[in-house]
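Residue numbers (the numbering used here), protein chains in the order written: chain G, 1 to 334; chain V, 335 to 745.
Quick caveat, the hints were computed from the structure, so don't treat them as lab data.
As the structure is a prediction and not an experimental result, all values here were calculated from the model.
Be aware that one or more of the hints could be misleading.
Distance ranges between label pairs, derived from CB positions [said to hold, decoys possible]:
no., chain 1, residue 1, chain 2, residue 2, range
1, V, E742, G, P308, 55 to 65 Å
2, G, Q17, V, A655, 34 to 44 Å
3, G, I55, V, R738, 38 to 48 Å
4, V, G460, G, Q288, 52 to 62 Å
5, V, H735, G, T216, 19 to 29 Å
6, V, G460, G, S277, 43 to 53 Å
7, V, D478, G, E48, 56 to 66 Å
Quick look at which bits of chain V chain G covers, simulated, 3 or more residues with Cβ under 8 Å [what the hints assert, rightly or not]:
no., segment
8, 419-430
9, 626-640
10, 693-699
The C-beta atom is built at its ideal place from N, Cα and C for all residues, glycine as well.
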Amino acid sequence: MTMIEALRDAMDVKLAQDPKVLIFGEDVGYFGGVFRCTAGLQAKHGEERVFDTPINESAIVGMAVGMAAQGMRPCVEVQFADYVYPAFDQITQEAARLRYRSNETFTCPLVVRMPTGGGIFGGQTHSQSPEALFTHVAGLKVVIPSTPYDAKGLLIAAIEDPDPVIFLEPKRLYNGPFHGDHAGKSTGWSQHPAGEVPEGHYSIDIGTAEVRRAGTDVTVLAYGTMVYVAEAAAERAGVDAEIIDLRSLLPLDLDTIRASVETTGRCVVVHEATRTSGFGGELIAEVQEACFWHLKSPLQRVTGWDAPYPHATEWDYFPGPDRVARALTKAMED
Amino acid sequence: MTGQPKLNFPHPPARPDQTPNFSAIEIPAAGALDVPPLDLQSVDSRDYANGMIRVLDDEGTAVGPWAEYIADLDSDALLQGLRDMLRMRAVDKRLLNAQRQGKTSFYLQCTGEEAIGCGFQRQLSGGDMNFPTYRQQSLLIAADYPLRDLMGQVYSNGCDPLEGRQLPIMHSSRDYGFFSISGNLGTQYIQAVGWAMANALSETGEIAAGWIGDGATASNDFHAALLCASTYRPPVILNIVNNQWAISTYTGVATGGARTYAARARGYGIPALRVDGNDYLAVAAVSKWAVARTRAGHGPVAIEWFTYRVAAHSTSDDPSAYRAKDEAAAWPLGDPVARLKTHLIGRGAWSEERHVQAEAEILDEVTKVQKEVEAQGTFVNPQPTSPATIFKGVYAEMPAHLRRQRQEMGY
């Protein structure tokens, strides 16, 4: 099953199971979304459950806040993460704080799904990774799966969560894993073990990381597309890296991170988003505080450059396997 | 005209050194407009959106079709409305005073606008939900929200239902139909639409009411709400309180070239009415009509309540710096309390003496509760809630990082 099919399956399961679950956003109804994530759901569950909205992200999330407060379980789609900014006020100051400011008399169980990251020549308005803008907000949860199996289990968990969840979908992984070689032959999820997605209901706890590759030399903290890039980089560098797929950025599974870095004593942090004030800075601070006396070399960080996401020069911008491999090699010095 | 483009910068009719002047405001005669059918369509609402529904004439007599529409609202019900407004005014007076004495950080009055919230709330039913701005405390008063809770929040003491989380006037009460106020202007207008959509989908029979000020109609979410309400037709009443001033900014800056805010709602395909917001009977009549229409499934309706913000924007504001002195006294629609009083005296249900007596009684009642609540702590004599509450309710379940931070604080 592709990640798209897994996400659709998660929504299908929840729509069938819970009459309070609603799906809406731009083009998600009749057409089924520009990435086809909701294809067929309106036909199956009806337009009161799955419907199209005006092109206004603040309206989409604002309606969802009101619905969630009144007992519904809205799971809305923002067509690209790059389009989320008009909804920023509704997400950060309304959804995130409703429980707190009302002393828990109103709550906001909603999910905002959005495709994130580059790798499809989408230019600066279809490639961004805005996760750090949301991890900075108290009251939100921020989730980013890297496999179809996790995508389904985490989306079901997000829809069932009593609090608002920002659900980032690495669009480069929608149809298959991506190891960073854009010119190479791509393989679909059917060739990958994590493309095996069980039928029916299952969920993955938000706040739990997963060790994707066990290793002893160096810990790599990655999420989304960069999990696969890190795998390729470790092979290229000939380093026995332990690759941790964070899956949930907020809350963060510090226990899994600490256990690994205490063993390896070395750590490389990787993300696609821009560097300055990126989530990597937070990871490095946490690792430094928790594991300082176990560290054998300076912490390394590989990120997108601090420039807008370019169109034609995308692969010079994208933090590919070569850059990650260099960081791994550097982390192994001393 | 030379043909050279020139920008337009709207100005109020008078600034501090000038004489108040409301001559440009057209005040239609009371009783001039009919009561439209409940299924009024946007296209047929032009006269209601551009005109003004008024019931009380200059002598305080209820006249016209809307007066007949609420003929069942007897003297007792109107006296209840008067008492609601007097209680609202007493609460504002006492809490403004408390802020001046340093007992609370901030306060914000609704003087002159009492009829709107008081009159509207009495037409709602249990389960209906308001999405108010911070100047709709009158909704709480008319919902019989306990003064102890209301004042507890103003003093952020042990009586505060929100345990010190929010600014003094940002109330929240699910049980009394008052959605948590965020303080961000406009954001809750679209949430009211979402709540109403949930009501329709769950067939609760309940309605929602969004509230926004004239200034905040400029915000994105005002337009988002009107569009989505027009598109999905949920049971929502979209209220616009036009009190002429957005802090220091004259209402004309938000109106632009439009004639009325109600007319703007019509542009989105929502039927709209404009109402004398200082006329308790007009407020009660139009609220009753709007609630009946909305509950019956005829879709959204917008109401512009035309009024004047008599008090400062807040205790942090000094209106003498930007508007004419005595402007409130010159306001052509008068004072809502005085107008209802005159009407009740005219119909033989009230007298000057009883009014003076009622004012004193209500002020005593409010002061008594205030003293009890102040005994639980004020900013002068703080007995704040435990700092551990900082970490409570950020999430349903406290995540590990928040637990670590709470422990770091020593709780």
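Tell me the numbers of any earlier hints that the structure contravenes, in ascending order. Result: hints 1, 2, 7, 8, 9 and 10 break, sorted rising.
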